[in-house]
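*Asks:* Model the full assembly from the supplied sequences, consistent with the hints where possible.
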Amino acid sequence: MTPTKPKAWISFALGAFLLILGLWTIIAYQSPGSVVPMLIGGSLVYLSWSRSRTATLVFGHATIVVGCFLVTWGMYLLPQSLPTLAHVLGRPLFWGLISIFGGICANYHGFCACIRRRSPGA
Numbered sequence: 012m013t014p015t016k017p018k019a020w021i022s023f024a025l026g027a028f029l030l031i032l033g034l035w036t037i038i039a040y041q042s043p044g045s046v047v048p049m050l051i052g053g054s055l056v057y058l059s060w061s062r063s064r065t066a067t068l069v070f071g072h073a074t075i076v077v078g079c080f081l082v083t084w085g086m087y088l089l090p091q092s093l094p095t096l097a098h099v100l101g102r103p104l105f106w107g108l109i110s111i112f113g114g115i116c117a118n119y120h121g122f123c124a125c126i127r128r129r130s131p132g133a
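Read in order, the letters of the sequence shown correspond to residues 12 to 133 in the numbering used here.
Where hints are given, some of them may not hold.
Now the in silico label distances, taken between C-beta atoms and shown as ranges [said to hold, decoys possible]: (1) PRO90 with TRP60: 39 to 47 Å; (2) TRP35 with ALA124: 16 to 24 Å; (3) LEU93 with VAL69: 33 to 41 Å; (4) PRO94 with LYS18: 37 to 45 Å.
No wet-lab data here; the hints were simulated from the structure.
The beta carbon of each residue, even a glycine, is placed where N, CA and C say it ideally should be.
*Replies:* Dropping the structure here:
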C-alpha cells in the first residue's frame, strides 16, 4: 500500500523542481535532451514515496549510464552552443554531468544505514 504523502521531502522537492525545469527547457529550447530531467524528476518523486533500496540502486546506476550518454552527446554539440542560460540548461552536457553526480549520490544513499534499516529483504 502506497502512503498518502512522501516520506522523503527533499527528494520530492528536487524531483518536482527537475520536472518543472525540464518542462521549462523543453518549452524554451525544444531539445529532446530536456526530457531527461523530467524522467529523473519523475523517478525522484516516485522514490520519495518508496524507500526501496533496490529501486534507489537501480535508479542510481541507470542515471549514471544515461549521464554518460548525455555527456558524449553534449561534447558533440559543444561547438554549436552559445553562452546563454537557455543553451546551458537546454544542452545535454549540463544534464549529463548532473545525472552522473546524482547517480553516484543515489548509489551511496542506497548503501546508507537509513535505507538498509528500512528496506525489507535487502
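*Asks:* Run every hint past the structure and note whether it holds.
*Replies:* Hints and how they fare:
Between PRO90 and TRP60 the C-beta distance comes to about 42 Å, which sits within the given range of 39 to 47 Å. Taking 16 to 24 Å as the suggested C-beta distance range, the pair TRP35 and ALA124 does not conform, at roughly 36 Å. Between LEU93 and VAL69 the beta carbon distance is about 36 Å. The supplied range of 33 to 41 Å therefore holds. Judged by the Cβ atoms, the range 37 to 45 Å given for PRO94 and LYS18 holds: they are separated by roughly 40 Å.
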